[in-house]
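Participant: Protein chains in written order, with my numbering: chain A, 36 to 110; chain B, 68 to 220.
Derived by calculation from the structure, the hints in this document are not laboratory data.
A quick note: this is a predicted structure, and the numbers were derived from the prediction, not measured.
Hints are not guaranteed to be accurate.
To be verified - Pairs of lysine-lysine, DSSO-like flavour, derived with a Cα cap of 30 Å:
(1) A:Lys58 <-> B:Lys142
(2) B:Lys148 <-> A:Lys71
(3) B:Lys148 <-> A:Lys76
(4) A:Lys50 <-> A:Lys74
(5) A:Lys76 <-> B:Lys208
(6) A:Lys58 <-> A:Lys76
(7) B:Lys203 <-> A:Lys71
(8) A:Lys58 <-> A:Lys102
(9) A:Lys102 <-> B:Lys203
(10) A:Lys71 <-> A:Lys59
(11) A:Lys74 <-> B:Lys73
(12) A:Lys71 <-> A:Lys58
(13) A:Lys85 <-> A:Lys102
(14) A:Lys71 <-> A:Lys48
(15) B:Lys203 <-> A:Lys76
(16) B:Lys203 <-> B:Lys148
(17) A:Lys74 <-> A:Lys59
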Amino acid sequence: MPIIINLDVIMAKRKISSGELAKKMDITQANLSILKTGKAKAIRFSTLEKLCEILDCQPADILEYRKEDTNADKS
Amino acid sequence: MWNQVKSLRLSLALVRILFVLIIILACCTPIMVHWYDVEYGHGVGLLEGSVYFPLSICLYLAAICGEVCLFHLAKLLQNLKNEIVFVAINCQYLRIISWCCFLASIPFFIFGFWRFLSFIVALAAGFFGLILRVLKNVFDKAVALQEENDYTI
Chain A
36 MPIIINLDVI MAKRKISSGE LAKKMDITQA NLSILKTGKA KAIRFSTLEK LCEILDCQPA
96 DILEYRKEDT NADKS
Chain B
68 MWNQVKSLRL SLALVRILFV LIIILACCTP IMVHWYDVEY GHGVGLLEGS VYFPLSICLY
128 LAAICGEVCL FHLAKLLQNL KNEIVFVAIN CQYLRIISWC CFLASIPFFI FGFWRFLSFI
188 VALAAGFFGL ILRVLKNVFD KAVALQEEND YTI
């Protein structure tokens, strides 16, 4: 998927563990893991809002659009 | 009080009973077909002569399809009982059941040349297979929606 989630980068910058973040966001660690590993199909505005609030960042810091390299598949 | 769990148990029990019943009927097929051939030997069809072998083959093939169908139906019901509903494996079961219906309609269609009435059975089996195929397509969509919901954080 061309949408990249840079949650682990922001978490490292803020020095916050997965367990702590999951607890503060009131979600399970399994769900946070889905988000971190990019397996998530969608993210709710409420989740994004909580993430931005807790990590003191902007949505653009967490989400990034990267064009898929179509040539890589052909070679 | 009648509830969903009891309904599922009843369905599962009926499927298992039918599974055993088909095996018993398959064992009795030669006797039943012989009786039919003697009693109703002169039916309406394009081909003449004894229907003993065509009908026996038709019933055995249909029985195999039926058993495969019931086996997967039992598995599907077992999954529903365990609250595993919108998963890819259930779509696979529905797909197999649907194909079994289509396959079961083939011997009946061929037997229709001996007895025209068999065309109706073939049509019914094919129609049922088609309904199940549509149901499988609906399940496919539901699985995709469920997955999207599960992976929405």
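Participant: Now tell me if each hint is right for this structure.
Facilitator: Structure-based check of all given hints:
1. A:Lys58 <-> B:Lys142: violated (39 Å)
2. B:Lys148 <-> A:Lys71: violated (33 Å)
3. B:Lys148 <-> A:Lys76: holds (28 Å)
4. A:Lys50 <-> A:Lys74: Holds - the C-alpha atoms of A:Lys74 and A:Lys50 are around 23 Å apart, at most 30 Å.
5. A:Lys76 <-> B:Lys208: holds (15 Å)
6. A:Lys58 <-> A:Lys76: holds (22 Å)
7. B:Lys203 <-> A:Lys71: violated (33 Å)
8. A:Lys58 <-> A:Lys102: Violated: A:Lys58 and A:Lys102 sit about 33 Å apart, past 30 Å.
9. A:Lys102 <-> B:Lys203: The given pair, whose Cα atoms are some 35 Å apart, is violated under the 30 Å limit.
10. A:Lys71 <-> A:Lys59: holds (16 Å)
11. A:Lys74 <-> B:Lys73: violated (38 Å)
12. A:Lys71 <-> A:Lys58: Distance of about 15 Å is within 30 Å: holds.
13. A:Lys85 <-> A:Lys102: Satisfied, since the Cα-Cα distance of roughly 27 Å is no more than 30 Å.
14. A:Lys71 <-> A:Lys48: holds (15 Å)
15. B:Lys203 <-> A:Lys76: holds (23 Å)
16. B:Lys203 <-> B:Lys148: holds (19 Å)
17. A:Lys74 <-> A:Lys59: Between A:Lys74 and A:Lys59 the Cα gap is close to 21 Å, so the pair holds against 30 Å.
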